[in-house]
Structures are given as structure tokens and as C-alpha cells.
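Colleague: Since the structure of chain B is already known, use the hints to place chain F on it.
First to last, the protein sequences are chains B and F. Heads up, the first sequence is in the working numbering, so the first residue is 10 and it goes up one at a time. Heads up, the second sequence is in the working numbering, so the first residue is 61 and it goes up one at a time.
Heads up, none of these hints are tricks.
Below, simulated SDA-like cross-link-like pairs (lysine to any residue); rule was C-alpha separation at most 20 Å, straight line:
id, chain 1, residue 1, chain 2, residue 2
1, B, Lys102, F, Leu101
2, B, Lys90, F, Pro109
3, B, Lys69, F, Ser113
4, B, Lys69, F, Gly112
5, F, Lys162, F, Ala150
6, B, Lys98, F, Leu115
7, F, Lys211, F, Thr225
8, B, Lys69, F, Arg110
9, B, Lys98, F, Ser113
10, B, Lys98, F, Gly112
11, B, Lys98, F, Ser104
12, B, Lys254, B, Tyr243
13, B, Lys90, F, Gly120
14, B, Lys102, F, Ser104
15, B, Lys102, B, Thr146
16, F, Lys207, F, Ala229
17, B, Lys98, F, Ala116
18, F, Lys207, F, Thr227
19, B, Lys98, B, Lys254
20, B, Lys69, F, Arg118
21, B, Lys69, F, Gly120
22, B, Lys69, F, Ile122
23, B, Lys102, B, Phe152
24, B, Lys254, B, Ile181
25, B, Lys102, B, Ile149
If you want a taste of the chain B side facing chain F, the calculated C-beta under 7 Å gives, among others:
id, residue
26, Val40
27, Thr46
28, Thr60
29, Tyr85
Worth flagging that the hints you see were computed from the coordinates, not collected in a lab. Virtual Cβ for every residue (Gly too), placed ideally from N, Cα, C.
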Amino acid sequence: MAGEAHSESGGLEFHPLDQFEVHRIFGDGPVHWYTITNVTMWMAIAVVCITLLLVIGTRKRAVIPNRTQSVAETLYGFVYKMVEDVTGKDGIKYFPYIFTLFIFILFSNFLGLLPMAFTTTSHIAVTAILAFAVFLTVTILGFVKNGSAFLGLFWVSSAPLALRPILAVIEIISYFVRPVSHSIRLAGNLMAGHAVLKVFAGFAQVGLIVAPIAILGVVAIYALEVLVSAIQAYVFTILTCVYLKDALHPSH
Amino acid sequence: MSVTPAENVAETGGAGMPQLDFSTFPNQIFWLLVTLIVIYLILSRVALPRIGSVLAERQGTITNDIAAAEELNQRAIEAEAAYDKALSDARSEAEKIVFQAKTEIQTELDVQMLKADAEIAAQTAESEKSISDIQAGAAVAVKSVAKSTAKEIIASFGGKVDAKTITSAITARMKG
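Same shape as in the complex, but just chain F:
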């Protein structure tokens, strides 16, 4: 910016301010109005709607992306929950199966025990019966042997005893 020697010193009126040179006012005002109208038309027809739509579109894209991210996050959370649930289900199922198996084994065991007990009892009873039979048989045999032995002994000593007396004596003895 250099000062060129101006030929028109204080050519314009007043304090020499070109701003106060009223002869140029109509020109400035006319071109200002033309300019403003042109700018307004360019802005309102082309520029502002375009920028507005770009901004709206961007906002929409951002909102959509956030929503998509939100949805994916939700799905991940759901998947995790489903996984946890499946895990705990499997665990409880396994516990149930273990418990069931234990119970079944226990029942089976009880049944077998009872059966075995019953068998043992039956065999014991049978054994006892045969023992008592043998005992009874032995007693009878002892009685008859004693009777005949006693009769033979008395006979060899020359005595004579009737069978009734010997039987009662032996019976008395065997009871004692």
C-alpha cells in the first residue's frame, strides 16, 4: 500500500471524506441492493438448502450408526445372557441327572438289601427247622435206645420190669 500523489486534494466536499460525497450515494445504494438480491437468491435457492441437507444427512448417518451400534451391543448382551443361561441350565441338568442316578442306585440297593435279608431270614428259618427236626429225631432215637438199653440191662441183671414203667422213668429223666 503506497500513497500515490493524488491530484484531487479535498476535491470532495466537507472534511474531504469520500463517505460524505452524496453524489455517489445512488450508485452505491443501487449496486448494494443488486448485490444483496443476488446473494440472497444464490443462498436461498442453492447454497443454504444444500448445506442444510448435507448437515441433516450427516446427522441422520450419525444417528443411524449410533442406533446400529446400540443394536449390536444389545445383541451381544443378549447372546451373553443366552450363553450364561445355557451354561447354568446344563449345570442344573447335570446336577439333576446325578441326583437321579444316585437315587436310583440307592433304591436299587435298598431293594436288593431287602431281598437279601429276606432270603437270609428264610434260609435261617429253614436251617432252624431242620435243626429242630434233627433234635426231635435224636430225642426219639435216644428214648428208644434208652428204653431198649434199660430193658436189656435190667434183663441181664435178672430183673423183670414192664415196659410202661421204663418208659415213664426215661421220660422223667429226659425232661430233667
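Chain B on its own, in the form it takes in the complex:
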């Protein structure tokens, strides 16, 4: 299909990955760590949106909520219940941290779906830091709360004794793979979705026959991406809860 497109319109070029580029907003020059870039802008927009929903939306503190407050309360209740169900009562005090992660990822994902937007969570640098922060927190918390008993997470005492060392190796590998899968899952899903969107959008410039199909494809993929945005935020959050549960209650 790509060859056909090229033959039809000659100079057609695909740059589905351009949307992921980090660049300065003001002036030219190298991107330093403090430079205000499109990353800064879209993260700031996320902060503004989160504030609008969760702070401005709830300012009336109504017993009978209006729509915005109702959405804020639903998100609160959803994450609160998730934390409570997965980690138990003693996990509740980590609820603000988990909610911060959830709301940031959710808003970044959805804001990234706006046309011309930059998706901060499609970058492995961002998701890796998120996942690594979770990994580090959970590991330190596990040792602080349980001491060396935290290592019991790797020693499956319900398995036959001969199998335990092998299982321990597997458990340890899986434990250290966690942050990798945790971060790549999120970044990969969003990047792939957005790239596919852009590819379909590129075909939309091609001829009368291909364009409608491509536009339908964009709509379909966009719908899928809306779903993926919510699901990936949910998956990241619930996995965080599961890891936190392991840290608080390491016994199998």
C-alpha cells in the first residue's frame, strides 16, 4: 500500500514519529535539562486540567454534586477502591501517591489524543522514571516494613523444597523485569497508537479511493486509542497497587 501511495502522489513522505520530537518552544538551540520545551508545555496543561477538574470542579463541596464534581468524585472513588481492594487497609495511606500517578497518566494520555498534541507518556524517559520510582519505593518500603522477611517474596514456601531455588531465580528475574515491563507497556502502547494514527492520516492525502478508507481508519484507531488511554492508566495504577501489596505483605 505504501508503494502504491508513493506512485500516486510522488513526493508523499511519512513522518509518523515527528510528533514525538522534543523541541524548544522559545528560540533555537540545544535542549538543556531546564529548557522550556513542548514537554514542559503539555505537562503544564495536564496540571492545569487536573486542577480545573479536581480543585475548581469541587470548590462548591456540594452534597449533591454537579457534573464536574461528580466526575472528580468518581475518579477518587475508583482509585480509592482499587487501592483498598488490592493493597488492603494499610495501603490507604499511599493513596495520594497512587492517585497522583493515575491522574497524571490519565490526563497525559487523553491530552495526547488532541490533534497537534504532544504525548508526554509516549516517551520511555517519562514512563521509565514513573516505573522506576514505583519500583524503588516499593522495594525500599518492602525492606523497611518487613526487614529481611521481604526476601520471602522470592522464596516460595508452598513449593517443594527442591524447586524453591529455581523458583527463587525466576521470582528475582521477574521482580527486576517489573519496572521494564511496567514502563515499556505504557510508552509502547501510546507510541504505537499515535504512530499508527499518523500513518493513517498520511494515507488520507492519497487519492479519492484511499483517503476515505484512511479517514475511517483514523476514526477507528482514534476510538481504540481513547480506550487504550484509559486502560493503560488503569493498568499502570493497578500494577502499582499490586507491587505495593507485595511490599506490605510479602508472604505468598
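Modeller: Quick look at chain F alone, frame taken from chain B:
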């Protein structure tokens, strides 16, 4: 979303993925940390306590309303029970009064009957006595009349009988 002809084809390294352009990593990481801290502060200081308190307040309102409804229901049940009790009390009271009245009437009736019976008996006795008196008086009168009559008859026939004989004869006759 349209593809703008980009001037930088594969300007970034590797497979041309901006995600793997390590020169932008410090920038992204820095702004991510700033963002997360800002969000965390906004949430933990303002948003989450507020939403939590609103939810708790709502739960409290609902619980209070349910409790109030429960109490009202209880009071309605109590009122109904009190009403039923008052009704049954009144009914039993009425039965008692009816029974009492009946008993009183019966007693009064019995007393009056006895009194009447006694009066009747007394009058009967009196009547009997006066009858027997009259009978006795009549017998005496009959005796004396018979005696004098018998004496006169015998005298008219020229006979002469002493009074003693006549008396005994009459007495004998009257006994028969």
C-alpha cells in the same frame, strides 16, 4: 492531523525514534519530576482532602437520613401499637362494664324476688290464719246453734234432756 514535510529526516539517532534521543532525557525527567511534585502537592493539600470530606459528609447525611427515617418508622409503629392497645382496652373495659351491669341487675332482681316471695309467703300465712280463725269461729257458732236448736226441738217435742248429753252428742256428730 496532517503530515508536514519535515526538514529533519532521521536527524535523531538510532531508528529515528525521538524516544531514544538521549539528549532530551534530562529535560523530560526534570519537567516530569516538577509536574509530579506539583500534582502531588495540589492533590494532597487541596483536592483529595476536599473530595474525601465531601464524600464523608454525604455518607453522613445519608446515614442520618436513614436513621431519622428509621426512627420515624419506629414511632409510627409505636403509635399504631398504642392505638391498638387503647382500642382493645376500651373494648375490654366496655365488656367489663356490661358484665358488671348485668350482675348488678341480676343481684337486684334476686333480692327483689326474694323480698316478694317473703311478702307473698307472709300474706299467705296471714290469710290462712284468718281463714282458720274464721273456720274455728264458725265451728263454735255451729256448735252453740246446734245445741240450742237441738234443745228447742227436743223441748217442742216435750222431751227433756240435760245439756250435757246434748253437748256430747253434738261434739260426736261434729267430729264425724
